[in-house]
Every structure is written in C-alpha cells, then in structure tokens.
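Q: The lines below spell out each chain.
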Amino acid sequence: MVAQNTEKMPWVEKYRPRFTKDMAFPTAKVGRQKVDLIEDLKKFVISFFKEKQKLNDVNRKIRTYNRTHEEKDYQEEKTLPLDKAAVLLEGPPGIGKTTIAYALANDLNMDIIETNASDTRTKGALESKLRETTKSRGIMDFIVQSKKKLILIDEIDGLYGVTDRGAVPTILSLIENTQFPIIMCSNDYKQNLQSLYNKIKKYEVNPLPDEEVLKITRKIIFKEKISGISEKELNLIIEKNEGDLRGVINDLQGISQGSLNKNTKELILNLNRDSTEEIFSLIKNLFQNVNTLKEARNLTNKSDVDYNFLYKWINENLTSYIRLNSEIVNAYENLSLADEIFGRIRKNQYWSLLPYFYDLFAGGVVLSRKHRPPDESFHRIMFPRFTSTGFFSLSVIERVVVEKIQKKYKVSEIEAVQDFIPFLKLLSGTSRKQLKELSDWFEFDANEKKLLK
Amino acid sequence: MLSESPIWRIKYLPKTLNEICGRNDIKERLKDLINDRNFPHLLFVGSKGIGKTTIADLFSKEFLGRFYDANSKLVYANVPLTNEETKQARSEAYVSTNKIGSLAGKKNTTPAFIRVKIKPFVQLKVLGDVPFKILIVKEFDSLGSNQQAFRRLMEIYGTNCRMILITTKVSKIIDPIMSRCQVFLISQIDFQSFEELISTIAEKEALKIDKETIRALYEITTGKLSNAIDLLQICSISGNDIDVDKLYENFSNSKNDMIKSLLIMCFKGDFRKARELSRKIQSSYKFTSQEMFQIMLNELAKLPFSTYSRIKLINLLAEADFRAIDGRDTDIQISNLLAKICQFSEVL
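Chains as they are written, first to last, in this note's numbering: chain A, 11 to 463; chain B, 7 to 354.
For reference, chain B alone in the conformation it holds in the complex (with noise of 0.2 Å):
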C-alpha cells in the first residue's frame, strides 16, 4: 500500500491539534481543555470548507488518545437514512406486546434518525480510561425539528457523552441547544498562516511560488485551504513554476460553471439541449433543485445584462423556486425555468 496519498490536501492533512495552521487563539482554548481532562458540549460554527471538522476530530482524538475508535463517533446530519437504517428503525418503532416491560406495546416515538444514529452511540458506556465519549454531529443545522430531540438528549447522556456539534449556519440552530453548548467560532484563517502553510508544501513538492501568487491564491479561493491545495496540485502537473495566469487558468469551480455553461444555452434558445445537460449537472452533482437555483442566482449576477432584463431573469428563477418548494418532481420545475429562459432570450 502507498505509505502518501497522491492527493495533497490529504497528504498535508494535520495530523495533530498542533499542526494545525493559524487559529492560534483556539488552539490554546482546546489545548486548555484537554490539559483539564472535562469539556461542555461544543458548537463549532464557520463558512464551509474552513477546517471545522478537522479540528473538532484531531481534538477528539487527543483527547481520548488511544481509546479514540472505541469512544467516537462522526455523524452526518444531512446524510438520509439508507434502506436498511430504515428497516431498522421502523421494526423498532413498536415494542411488541409480548415483550416485558413498561415500554410494551407501546410507540416508540423518537425520531428516526436519532434513534437509528444517536441513541444507541450516547447510551453505551465508555470503554477504557477516558472521562466520557464524544459524538460529532456535522451539519447539524439540516437537522430541523429534530435538533428538538437533542436537547433532552444532551442533558440525559451528557454524563456519558459529550458532542460536538458542528454547523454552517448558526441562525438556524435553536436557542435552547445554544445555550447547551460552548461557542467556538471558527474563523477564516489569516494570510500569514496560509502563506506559511503554501510555503511548506511548496518547498516539500519542489514548486516555486512567489508571495504575489499566494496572495492570488488566497483570494482566488477565499482562504479556503482545501481548495486551494487542490489548486495548488493541479497547476503542479503542467510544471513547477507557478504564476498567477496558471491559477487563473486553471482554477474552476465545476459546479459553478457547469450551471453557467447551462444558463448559456439557454440564452441561445436550444431547450433540449439544455434539458439534457440539466439533467447530466443534476445526475452528477445531485442538487436539489434549490441548490441548483441559488447558484443560477449567483451566476446570473456575474453575467452581463442590462438592469431590466437581470430582474426579469430574477423574478422567472424567483417564481419556479417558489414552486419547487411544493412540487413533487424537481426536473419539471427546472425544465419549466429553463424553458422560460430560452423564450426570453429570443425577445432580447
């Protein structure tokens, strides 16, 4: 087996809390934590693709040092039940009356999710010589109504686990979990520490950059590290030297562009054409079709049109939003969208 992953952003992963790049200020908080072996419930929040998971593992993982894979656990949220977690828990949600039992014949009336996922992590007892386990829910925020469940959960099993609950969006979370846990606002991290960090990896991958194209590179990719590395190990096949055309040349966000790409044909009237690739951007990036129209939004705005036309664009993406939300078949909706397009762009 290869010892180096041939992908940078994981060879260059942190492997413990002190490699981590930047954030000296809640290196020292964590650090502290650990030192006094006892921590609340934490909430991790920050922009998307910043580290937060990174750090809330590599914590984790000094924390309870070698007990790490018995006492934690890593849940994604926004990941749907698979067929049999379903089964699962639909054969769990009554308790049969032959059983013995205050619970018998009665309706087990947990969610589903958390009782597939949660309930049975946080109610075992820790294994080893640790004070308690931990439990990282991600994207904890599409969670909804169920964050509900949470609040009786952290505080009856909080003794026997503590979470870490990490999210993109703190307006979404419900006071009464706020208030459950520790804040750590996990922010952006600094030019600086990036500039170190591109540095060092340069000089190991033999590359030369200068401090112009990192500052490029921090912009172009708004200081998301992932991103950039990716960058980073892109433009180093086609040679060691790095300037700022190359990462321009070769820095795309695919999805970004697939939905211009798309919009374009639009714009020259050809509606099957643009059904066909719709359906390949949905097939492959699988979006909701909210998603798929937030980032119509973002790419209608950075194309050139006149002010009249822009708000016309808006209001046609505005109204079959607004109907996707109640429709059952994403694919009409946007087929409605794009066709209301190709219309509009034989009246320009």
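Isolated chain A, as found in the complex (with noise of 0.2 Å):
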C-alpha cells in the first residue's frame, strides 16, 4: 500500500505518520490537567487487554457457577467500568486525532476498524459492523492466532438524529460489552451525546503550536523539492489554519503542484486568506472591490462569519458605500427581497431557497451601483446597532418608568409606550414645574426623568 504510486496520493495520505515516534506531539488535557496524550493511550489501551483478562477469568467461573445452581441463585457476570473501555477525544480538526489511534495501533502491533462518518450508523448497521468483533472472538480466532484489535469510532459529532438513530445508546452498550478498548474522537461537544460523555474519560486535544507546524511542513519542502514558496507566504498559511496541519499539508499542495500558475497560487493565498478575515475588511472589500457575482459569492461562501448578522452589516453599512437614490433604491429591492427570502426558508425549511438568500444579499446589494470604479474612499464600517426584532421588547429604563406608572395608574406596556408617555414629554416639555411634578407623583429619579426630555 504504501510503495505504490505515492506521486498521485494526497500529501496528507503520503505523510501520515505511522508509528507515534514520528508524530508531531499534540498535547492534550482532561479536565484541567495536562497528560501527555500518546503515553496515555498507550497505558489505557495496555491495561484495558490486562483487566479484560482478568475480567474473562472471574466470569468464566461464574459461568460454570451459573451451570451448577439454579436460576435463583445465578451470579451476574461482571462488566468493565465503562471509562476503562473507551476514551474520547475531542479537538478541532486537523491536529491528528484519527493519526494518533492508527499510530498506537501500529505500535503496538493491532488492527483497527474504523467506523466514520461516512457509514450509517444505525443501530443495526453499528451492531453487525461491531458487534461480531467486540462480543466474542469470531470462529476464526480460534484457528488462527489473529492480531488484537482497536476500535476506532471516528467523527462521533457525526450521529445525526434521524439517519443514526438509536446510535448513541448502541454505542454505549457496545461499549460496555467490548473485548476491544474503544477509541472515539469528535470535533464538538455535542447535546445528544450527553450520556456518553458522562461515562467515559474526555481528552480535549489542543491544536498544533505553529513551530511544530512549520517543522514538519519545511520537512515535506524539501523531500517534494518544492521551490517558490516564500517564508512569507508559508507563515500566512500556517497562521491561518491555526493548527491544522492537515489543512496546511493540503494548501501547500494545492499552491505547489505544477500545473497552477501565479494567479492561480495568489487566489489561493488570497481567497483563504479573507476567511479569517474578520467582518470589518469583508463589508470593505464586498462594496470596495466587488465587480462581478462570482467574486461576491467567493467572499461570502468562503466567510466564516454568520449569514445571520451579515446581511444585517450589509444593511446596516449600505448606505455610506451607495449614495445615489435610484442604486439605493435597488439595493434595497434586492436586500428585503433577501430578508423574506430568508424568512421563510426559516419559517418553513424551504433550503432550496438559500442561493437566491446568497446572491441577493451579496452581490445583489454591492453590484446595484452602477457608476465604476468603485468608491476608492474610506468609510467607517458601522456596528448594527439598530437590531429591529419585530417583537415588543423595551429597554431596562423604559420598563423601570413603565413599571412605576402601571403602580400609579392601570395602563398596558403598549398603551403605555405609545400613547401615554408621548403626553408625559408633551406636559413635561412646558416647564421645569411640570416635569418636576410629574416626576415626583410617579417617584422618578433623575435618569428616568432623562426619558421625558
């Protein structure tokens, strides 16, 4: 397997390491404590095989106990605690999780079946993957001295409800059940998997520092003899996978490999870089530099921030970048047309919808100006600060007044708001005397007074 053909592998399949001597060490925590990961799972994995052992020694008696009595006085065969049998581990990806169980496999000499994201995972199609090899040892183990096995459940974060169902207590039985020790790794921390991670240890993963980073990547330069690649530009691609070394082995492929020209490699560099750009430089550079949809869709599809709140700096921001009335015009035509659209995709799950929200909140928005070049001037991104939630909802003062004159006088919040406050500024507004009179009748101290200025 690893002789052939290693010219058309992903880099990332070419350099994985296969034995844990060659990692690069992640660290890890549990808890708040700090353990070196590796020797940990070795020590679990060793210790698992030494009490299941002794486990299967102490319940093949009770079996023959069990044969020789009667049903009453049957013993129950015992059960390794669940934390001795499996571990978890959880971190961003990228950072070696699923290398590490292969690694520790290799080292210590055993097979692994894996089971990811990938496969269904039913609770039928879970038990007759894993069932065979974690209850009892197949027929074959018998004739032929088969290697140990580790069992590695990858992308756990992956259970989806409906197509997984019933996965999650499975996994938990099967874990109890395993003649293997279990290893799972997730990205996330997940509300359905509540009851597994209450029974079993947690090593939380930390990212690559970046010095690691660089080390095994400068390592790949020079075996793919790749030149052209400045410091430069290497250290942008590290700092922004923040640790991911399977995303930075991925990229550097991706700039390196022949056939891409210069642009092609600036476009790389480019476009990821604007992915952890942060929200102010994508507003600019979305009414600054966009000249075309494509290049609208690029910034926003490769944007980590929330559609959510974008469309709403878009919203908020429109204004200063577009200043004649009939571009506002359509600008706006385009943006509420977005805002229904995104309505009732949330209202009625309509997710065919989506692309169309994209386009127009995007490109349509930026591209309704039509006088070129754009706007080279400098514009303060503003915060949206007007958040209009379409629900009646008042300020911490607002309820304060409001609440001390419901004491006095039965009125609702809305009558209160619209109507009766208005008339309170009115009166308050002809003199010092009436506001003073008002203010002491419904007891307000002076920053409630502010509020009928």
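Bear in mind the hints are in silico, worked out from the structure with no lab data behind them.
Cβ coordinates follow ideal geometry from the N, Cα and C atoms, glycine included.
Hints are not guaranteed to be accurate.
As the list claims (entries may be wrong) - List of simulated lysine-lysine pairs, DSS-like, C-alpha gap at most 25 Å: (1) A:K94 with A:K39; (2) A:K418 with B:K21; (3) A:K463 with B:K21.
What the hints assert, rightly or not - Which stretches of chain A does chain B cover? Using the computed rule of at least three CB atoms under 8 Å from a CB of chain B, they are: (4) 344-355; (5) 445-459.
The task is to assemble the complex, starting from two chains supplied on their own in separate frames and drawing on the hints.
A: Spelled out as structure tokens, the structure:
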C-alpha cells in the first residue's frame, strides 16, 4: 500500500505518520490537567487488555458456577467500568486525532476497525459491523492466532438524529460488552452525546503549536523539493489554518503542484486569507473591491461570518457606500427580497431557496451601483446597532418607567409607550414645574426623568 | 406623597361605578349582576381608549369589595412573557420522572402564556367571603390560537374564577369563546355625558370653556375621554380661557405626526435622514412594521396627491407590508419602502 503510486497520493496520506514516534506530539488536557496523550493512550490500551483478561477469568468461573446452580442463585457476569473500555478525543479538525489512533495500533501491532461519518450508523448497521468483534471472538480466531484489534469510532459528533437513530445507546452497550479497547473522536461538544460524555474519559486535544507545524511543513517542502514558496507565504498558510496540520499540507499541495500558474496561487492565498479576516474587511471588500457576482459569491462563501449577521451588517453600511437614490432603491429591493426569502426559509424550512438569499444580499446589493470604478474613499464601518426583531421589547430604563406608571395608573405597556409617555413628554416639556410635579408623583429619579425630555 | 395626581386623566378617573359618566344601561346591568352576587363570563367589546378596562376594573372592585386585591388579576394578553417567565415556563414544561404521579415523565403541552400567567391564578381557591375570583384579560384577540386553550379553562375553572375578556376586535374572537360569554358592547360616550364631565372638570380647574368648544373637543378626540382630558390639560397651561383655535393648535396625535413628517422627508428625497427618523420612531414607539404601515396608509390618504400617484404609493406600501409578513428584519423592509418613496418623489 505504501509503495504503490505515491506520486498520485494526496500528501496528507503520503505523509501520515505510521508510528507514534514520527508524530508531531499534540498536547491534551483531561479536565484541567495536562497529560501526555500518547503515553496515556498506550497505558489505556495495555491496561484494558490486562483488566479484560482478569475479568474474563472471573466471568468464566461465574459461568461455570451458574451452570451448576439453580436459576435463583445465578451470579451476574461482571463488566468493565465504561471509562476503562473507551476514551474520547475531542479537538478541532486536522490535528491528528485519527492519526494517533492508527499510529498507536501500528506501535502495538494491532488491527484497527474504523467506522466514521461516511457510514450509516443506525443501531443495526453499527451492530453488524462491530458487535461481532466486540461480543466474542470469531470462530476464526481460535484457528488462527489473530492480531488484537482497536476500535476507532471516528467523527462521533456526526451522528445525526434520524439517519443514525439509536446510535448512542448502541455505542454505550457496545462499550459495556467490548472485547477490544475503543477510541472515539469528535470535533465539538454535542448535546445528544451528553450521556456518553458523562461516562467515559475525555481528552481535549489542543491544536498543534505553529513551530511544530512549521517543522513538519519544512520537512515536506524539502522532500518534495518545492521551490518558490516564500517564508512569508508559508507563515501565512500556517497562521490561517490555526494548528490544522491537514489544512496546511493540503494548501501546500494546492499551491505548489506544477500545473498551477502564478495567478491561481495568488488566488488560493488570497481567498483563504479572507476566510479568517474580520467582518470589517469583508464588508469593505464587498463594497469596494467586488466587480462581478462571482467575486461576491467567493467572498461570502469563504467567510466564516454567520449570514444571520452578515446581511444586517450590509443593511447598516449600505448607505455609506451607495449614495445615489436610484441605486439605493435597487440595493434595497434585493436586500428586502433576501430578507423575505430568509424569513420563509426559517419559517418553512425551504432550504433550497438559500442560494438566492446569498446572491441577493451580497452580490445583489453591492453590484446595484452602476458607476465604476468603485468608490475608494474611506468609510467607517458601522456596527448594526439598530436591531428590530419585530417583537415588542422595552429597554431597561423604559421598563422601570412603565412599571412605575403602572403602579399609579392601570395602563398596558404598549399603551403606555405609544400613548401615555408621549403625552407626559409633551406635558413636561411645557415647564420645569410640570416636570418636577410629574416626576414627584410617579417617583421618577434623575435618570428616568431624562426619558421624559 | 401628593394626594392628587398632577395628571388630570388620572385625577378624574372614576372611583366607583356610579361615577362613570354616561352609559346608564351598562351601569344598570352591571349593578344587577352585583346584586345577584353571580354573573357569567363577560366579554367587553369596544373601540380603543373608550373605557372598557376602567369599567371592568370598577365592576370587579365593587363586586369583590374588600377582597378585591386578593381575588382579582389583570392580564395583558398582548405583552409577551419576560425572560424570567419564559425560563420558568421552560423549567415547568417537563415533569421529571423522579416525581410521583400520573404526570411523571410527561410533557406539559399547555401554551407557555396560559401556564405562567393564567393557570396559577385560576387554580388557586377563593380567598375571603366572595363567590369567585375575577380574572380580567385585556386585548384578548391578540392571543390568537391560544384562545382555544381558554375554552376548557373557562369551563373547568369557571366555578372558581369568572373571566372578563376585553377586546377591540370582536371579529377575531373565536365562536366557542363568544358562546361562553355574555357580551357587553361598550359604545362611544354620548355628547351629553361628555359635556357634563368636561364642564365639571372645567369648573374644578377653573377653566372657561363654552359649549361650542366642548363640541369641537368631542369631535377632535372622537369622544375618547382620556385624550380629551389630556388635550384640555395641555391647553390649560397657557391660560384658563379655552377656545376652538387653541384646541386645534395644541392637538397633536404625536405618533401620526411623526409618521407624517417621515413621509414628507421621503418626498424631499433624503433617504438617509428619513431612515434615521424611521429608526427613531420605531425605537420610541415600539411599532411593529404592520402598525407603522397602517399609520402610513392613513397619513397618505390625507396628503394632497393626484389619484395616480396615490395609487402608486399605496402599491409600494402594500408590497412592503406584504414582504414584512415573511421578512425577519423590519428595518430592512421599512428602509426598502422609504427608498422607493424617495425615488418616486424624484419622478413626481
């Protein structure tokens, strides 16, 4: 497998370390304590087999006892505590969680059985794949002395409600009865896995430090004989991937493979860099540098910013970039349609409408300006401070005022705000004496009086 | 503490049923109910600001006597739950399996509003020597589908608690509720009683006001007493003589005026300023987009336009309103309308 066709292999696979000694050592935490991840895992695997051996002996005795006794005297077979049978590795993608499991298996000369998000993991599917190997050893194992096995349940946070129904209880019972140690990997905390988290040991794997990533990348650059990547570009790639070694290697391959010309290389660097740029520069780029729909799409697709917020930012900053009334009309026509579409998507789950939403709120708005080249002058980017939810809500000070009014006069909040407080403002505006009388009567303090002015 | 409110509309609020001016037939019926010590669920229908709540409140006060505080509650159906109440509702939504009883491990399917605001009150027993408690629900129509939940509530807890439902839109009340209630139509106050009341107020505040001016006041405020008294108070600040000119001078329906100036700003073509103003209006009056469009429609009808442009403007308004139903951000939808009006004004 190793020797064949290394040219065509993705570098990620080509340079995947096969033993733990080749690895960039990731650090990990259990709770708040730092641990040596690889040592800990090794200990875990070895101690698992020891404990299991003991347990099997005990269980065998229980079974023979049960066979010779009546049903009411049966003793229950013992099981291993869950935290000794399985561990969970949690951390951002691309830092080597899966690789550790494979390297560990290689170190200890074990086979690995893997299931990941690409498999359907319903109860039945999981059982048929793993039960055989966990509950008891197969028939073949008595004839051929087989390797020990390590079970890897990868991407466990990818268990989805409907398609992977019943997966969590199955995994739990699997851990209870397993004959082999289990390692699970996950990216984020998931609510529906809570029952799992409570019972097993969780390692939080930290992202790799940049120096470590740099070392490995240098090695690859040397081996692949890459030239033409400057130190600056290398740092850029590493910085934007934030410890994601896999991402770095992929980017490296993308940039340096011969067929790409210089422009494309620039494109990869630029586009990726935008993904970590802040919303400020995203807005600025959208309004000032975008000339085609494709560019607008690229920007929004690559950005990390939640589209929920993004289109509100666009609403807020639209008028500082687009000045002509006729252009504003077009921009708002598109933005309001986008808003309506978004509302329908959220209300009725029409997710197929999402592409229109993206195109309308980004490209539709910024390209409604006809005169080119775009306005290069500096504009301060505004935070969307005005949020209108469509629901009736009062600020803290307004609420206090309304409550004080309600003590004296039975009036609903809406009436108070729309009808009564405007009258109070009018009245207190006529003279200081009136204001004083009013605030004495309602017992307003200085801060609340300001609302009446 | 001041004994009398500086605000006239509070100062001259009736304190007993008898003090309510006009509406003698309704007063008679309510008094009969009080004498019988019994009444069915009531539904008060009438337009805004006409005094439905005041009547309901005074009625329950006289019915319950000194047990009024413990046995009555006023609920605003259109005020959403506060954060704490939502939290409370969420925590009560699921009955833990650790608890004993047939509900253990079950989900509570009652709407949160009913569960938090209505049920605790109607379930509690009557305190003191009164036949039942009284629950007043204002703006009942805004409950929407939650009205259905009231059907059973009114039957199950009816013996313990009677309800007075108050609404402005009778067409929005579902039939099952109507059939469970005795309906009271509360109409606009007649001019005679209006005149009487205003004259007594004028006498007490030493104002000079003639019958013609009172007639004008009645027309300006469309018979709404609270607005009329407000207007009277504003006028009185600049002197005790009150005439028709002064009334018109001081009369301002502030929210409509704001919207009118917003429209005028749009016709001048300044979109940025118009948007600032619209945000100011939204944040100070807490309008929903629907309310805002409604007032705009009314104001458009008053502005001098040709038929063609008026219809064109209504078309723009209708489309914006239509979009806002599904849209999530009112500000975007309103800005869209403002931008379109700005552009339209350039064509004019």
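Q: Check each numbered hint against the structure and report the violated ones by number, ascending.
A: 3
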